[in-house]
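Chemist: Residue-level listing of the chains:
There are 2 protein chains.
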Amino acid sequence: MEQLSELIALVGESHVLAEPALKAQYEEDWRGRYHGVARAVVRPADTAEVAEVVRWCAENEVAIVTQGGNTGLCGGATPDRSGQAIILSTERLNKIRSVDTANDTMVVEAGCVLQVVQEAAQAQDRLFPLSLAAEGSCTIGGNLATNAGGTQVLRYGNARDLVLGLEVVTAKGEIMHGLRGLRKDNTGYDLRNLFIGSEGTLGIITAAALKLFPQPVAQCTAMLALNSVEDAITMLGLARQGFGPALTGFELMARNCLEAVVECYPEQRLPFQGPSAELPWFALLELSDSESEEHARTRFEEVLGEAIEQGVIQDAVIAESGAQSAALWHLRESIPLAERALGTGIKHDISVPVSSYTEFIEQTNAAIQEFMPGVIHVIFGHLGDGNLHYNIMSGQIYSEADLTAKLEQLSNIVHDSVHRFGGSISAEHGIGQLKRDWLPRYKDPVELSLMHAIKQALDPKNILNPGKLLAVSSDSTK
Amino acid sequence: MEQLSELIALVGESHVLAEPALKAQYEEDWRGRYHGVARAVVRPADTAEVAEVVRWCAENEVAIVTQGGNTGLCGGATPDRSGQAIILSTERLNKIRSVDTANDTMVVEAGCVLQVVQEAAQAQDRLFPLSLAAEGSCTIGGNLATNAGGTQVLRYGNARDLVLGLEVVTAKGEIMHGLRGLRKDNTGYDLRNLFIGSEGTLGIITAAALKLFPQPVAQCTAMLALNSVEDAITMLGLARQGFGPALTGFELMARNCLEAVVECYPEQRLPFQGPSAELPWFALLELSDSESEEHARTRFEEVLGEAIEQGVIQDAVIAESGAQSAALWHLRESIPLAERALGTGIKHDISVPVSSYTEFIEQTNAAIQEFMPGVIHVIFGHLGDGNLHYNIMSGQIYSEADLTAKLEQLSNIVHDSVHRFGGSISAEHGIGQLKRDWLPRYKDPVELSLMHAIKQALDPKNILNPGKLLAVSSDSTK
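Those protein sequence lines, which keep their order, are chains Y and B. Just so we're aligned: the first sequence equals residues 1 to 478 in the working numbering. Just so we're aligned: the second sequence equals residues 1 to 478 in the working numbering.
Hints in this document: simulated from the structure, not taken from any laboratory. Any given hint could turn out to be false.
Heads up, the list lumps identical chains together, so a pair's fine if it works in one copy or across two of them.
[Claimed, not checked] Here are the simulated DSS-like pairs of lysine-lysine, each with C-alpha atoms no more than 27 Å apart in a straight line:
1. 461 with 172
2. 23 with 95
3. 172 with 347
4. 461 with 23
5. 406 with 461
6. 406 with 443
7. 347 with 443
8. 406 with 172
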């Protein structure tokens with residue numbers, strides 16, 4: 001294959017993987033849901049090599065699927081089955097280029113594993129707050145390409161909010177040098193945010209200048225028992241007012257989620273007993289304090305005491321120690337594993353305005369029950385930033401096949417309802433291939449046509465992750 | 001004029017101003033530095049009328065200069081002298097469409113004056129934190145078109161960080177409905193941030209969904225006396241660590257700035273006496289507390305006491321009351337007026353990484369003194385977000401004419417130095433016409449060519465604020 005020899009000349013023989021056995025782990029996503037075939041996996045050593053590979057691909061009209069840790073949930077980093085595309089792995093772009101504590105910034109390469117980035121910040125007594133389940137294997141490049149969310153969004157924002165500048169290889173194979181560590185820079189269009197969240201379809205992010213924050217001195221959590229989602233929303237308002245930016249977590253969980261956890265993991269226990277344990281909703285709050293754990297606990301006592309008096313919450317447990325805080329978080333984090341006990345399921349990563357959640361849940365639950373009576377609703381997530389997981393489980397009544405047969409209709413009911421309330425059908429996971437064909441149903445047509453115009457302008461040959469996020473236009477099919 | 005009658009048919013006779021006396025105030029910026037001639041000033045009543053006007057302009061290839069409060073500093077809202085463009089004034093798009101306290105969002109039209117937006121938030125016990133000198137007359141549409149900065153950036157970010165969604169009229173006259181009030185939404189390219197900061201060259205922002213915050217319970221300020229910029233940077237690090245997100249202001253001022261203030265305004269007084277008053281640098285710190293003024297003062301005492309012990313700061317005054325806090329801020333805010341006492345001046349709105357400020361100031365001051373010995377450096381600004389005003393005043397030695405004659409060379413010395421340190425030649429004011437032709441000298445050429453590609457894709461007829469921000473390409477001159 002002459003073409004491969006040209007790629008080998010660019011990055012070296014050991015970094016062009018063409019053997020099926022070597023390519024296999026890159027051609028399938030980590031959950032085994034998406035399967036593709038790549039011409040080869042190419043692993044450039046640095047930004048200059050990325051640019052050379054892209055120039056070669058542009059000349060030869062070869063599609064490029066950029067892949068970081070391969071931990072995505074929407075198939076955005078898996079090639080199609082044509083065997084024509086290359087997978088460009090960023091795994092060798094793994095340097096922490098610099099940490100500047102006076103400026104509170106760090107420059108890292110796209111292939112750095114998120115946890116390595118967090119640890120490099122921590123080593124300098126700083127916090128890089130992006131945090132999510134896959135942090136041990138996902139890469140910062142993938143986090144930025146998909147604008148990852150995670151558990152700290154309420155306080156620190158999404159991935160895009162943590163970035164000051166980018167280095168990007170364009171579809172022409174040029175290098176955009178935009179690694180500025182500036183918090184204020186009004187010199188033209190915001191290209192940084194255009195590349196962030198574009199899922200590898202507009203350019204290849206090779207490095208980023210990230211914001212750093214002080215480490216909180218102490219953290220403290222509390223678990224609340226509530227009568228309704230409406231009360232949870234009122235409590236969120238009181239917490240924002242009472243704690244200001246010290247409020248770093250506000251998670252909502254329906255009772256059946258916690259019941260599933262204690263059933264699956266008998267070593268875990270609900271912090272409530274008696275009538276409080278029977279209430280339908282629970283919330284987990286976290287404070288990050290710049291004084292002390294004691295100060296955080298005192299703040300909790302004041303604000304939660306007032307909320308109990310007002311009848312907004314029915315009961316509250318404030319963690320007495322770091323270990324107790326961890327146990328409360330562990331309950332929340334065990335839900336995704338424990339919900340399997342409720343049968344097979346369909347998951348939805350949605351957001352609607354917080355003020356609409358009561359109505360949204362009532363109406364959507366009712367529509368789902370009318371369509372498929374007896375399925376179980378599993379509802380939990382980051383109420384503080386408006387992002388809930390709205391899952392539907394088969395329970396004991398239906399088989400996996402029953403549910404799978406109605407998957408599309410069930411998802412349409414949920415997403416149509418999300419759309420009616422002005423929400424998003426992908427709050428944090430992105431579009432990839434999973435949701436690509438749903439997008440035209442829900443996205444404003446003018447936004448969609450602007451997206452196509454930008455794609456056409458920045459990648460006219462459609463070589464960057466074609467068919468992801470946007471459907472391929474008929475005139476640019478590869 | 002047949003054409004005007006067509007516009008009149010769209011928006012009504014009283015909203016197409018063609019008489020020179022009526023147009024005049026729109027054709028000149030508020031400082032009287034930029035002068036243009038417009039065919040007419042058109043004042044649409046709502047988004048639908050904006051779209052109709054843009055469609056008419058697109059058909060007739062008429063350029064559109066969108067104008068809000070006309071308070072810009074770079075001539076971005078002033079037409080050229082050809083008399084061909086229309087000015088589209090957003091002044092009638094002035095409705096607060098909704099305030100949602102449970103979701104902490106509000107939807108406002110582009111022509112709302114910033115102070116009206118702040119007050120609408122305050123009426124619901126919420127904070128909209130964007131704040132700047134022109135807030136009584138600038139509009140939120142202009143703030144977003146230029147990504148305004150202001151005094152709260154350290155804590156709340158720039159204007160773009162306060163926006164969740166936009167309604168925009170495109171260059172084709174289509175309406176993009178993107179007024180989502182969601183903190184998480186990963187369904188495609190970030191068009192919102194592309195329009196924000198594009199200075200009316202990519203689309204016309206007609207409304208925005210804004211983020212609201214809790215009102216701080218108390219605020220407290222302190223003034224510090226320092227030996228050096230380096231110490232100020234160390235102090236900034238200690239303040240970030242000690243106060244976390246409660247730190248909402250960190251302003252740096254050279255001694256000559258404060259001396260000019262007390263000379264001009266004898267009723268104002270420096271809070272220091274004796275040797276502290278003779279130190280070369282001063283810093284103003286502000287804490288926003290969610291507990292009480294007393295708590296804020298106690299926090300100040302702890303952290304500043306430690307800093308004095310470490311020798312990082314030489315002296316500190318903590319305000320004992322709201323009135324004292326206001327007096328300290330008043331000193332800082334009087335600098336731009338008082339610096340006139342130091343002669344005529346050239347201003348620069350710059351940012352460099354905070355860690356480079358010591359070296360930047362030393363090297364730039366030396367280069368300026370070598371070029372024009374005896375001019376006075378006036379240096380002050382938002383050190384907390386890396387944005388300083390680096391001004392050069394004639395002092396007693398030079399006349400206004402002397403300085404004006406060397407204006408371009410002086411600015412080149414400053415901006416070349418900014419560029420060498422990886423900084424920005426426009427931290428918060430934008431490009432407009434003032435800095436347009438400097439941009440190619442400092443902007444990464446790949447970024448610049450991507451900006452041109454996006455402009456071409458979204459406004460192929462180049463009717464949206466042509467000649468601002470980007471130089472008109474030869475093939476698209478109107």
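Chemist: A separate judgement is required for each hint: does it hold in the structure or not?
Modeler: Results of checking the hints against the structure:
Both within a single protomer and between protomers do residue 461 and residue 172 lie at most 27 Å apart by alpha-carbon distance, with minima of 9 Å and 25 Å respectively. In this assembly of identical chains, residue 23 and residue 95 lie within 27 Å of each other by CA distance solely inside one copy; the values are 24 Å within and 57 Å between copies. Taking the shortest Cα distances, residue 172 and residue 347 never come within 27 Å of each other, neither inside one copy (38 Å) nor across copies (39 Å). In this assembly of identical chains, the alpha carbons of residue 461 and residue 23 lie at most 27 Å apart only when taken from the same copy (25 Å versus 47 Å across copies).
With identical chains, the CA atoms of residue 406 and residue 461 are never at most 27 Å apart, being 38 Å at best within one copy and 48 Å at best between copies. In this assembly of identical chains, residue 406 and residue 443 lie within 27 Å of each other by CA distance solely inside one copy; the values are 23 Å within and 53 Å between copies. For the homomeric pair residue 347 and residue 443, the shortest alpha-carbon distance inside one copy (20 Å) is at most 27 Å, but the shortest distance between copies (45 Å) is not. Taking identical chains as interchangeable, the C-alpha atoms of residue 406 and residue 172 are never at most 27 Å apart, the minima being 44 Å within one chain and 41 Å between chains.
Of the hints listed earlier, those the structure fails to meet are numbers 3, 5, 8, in rising order.
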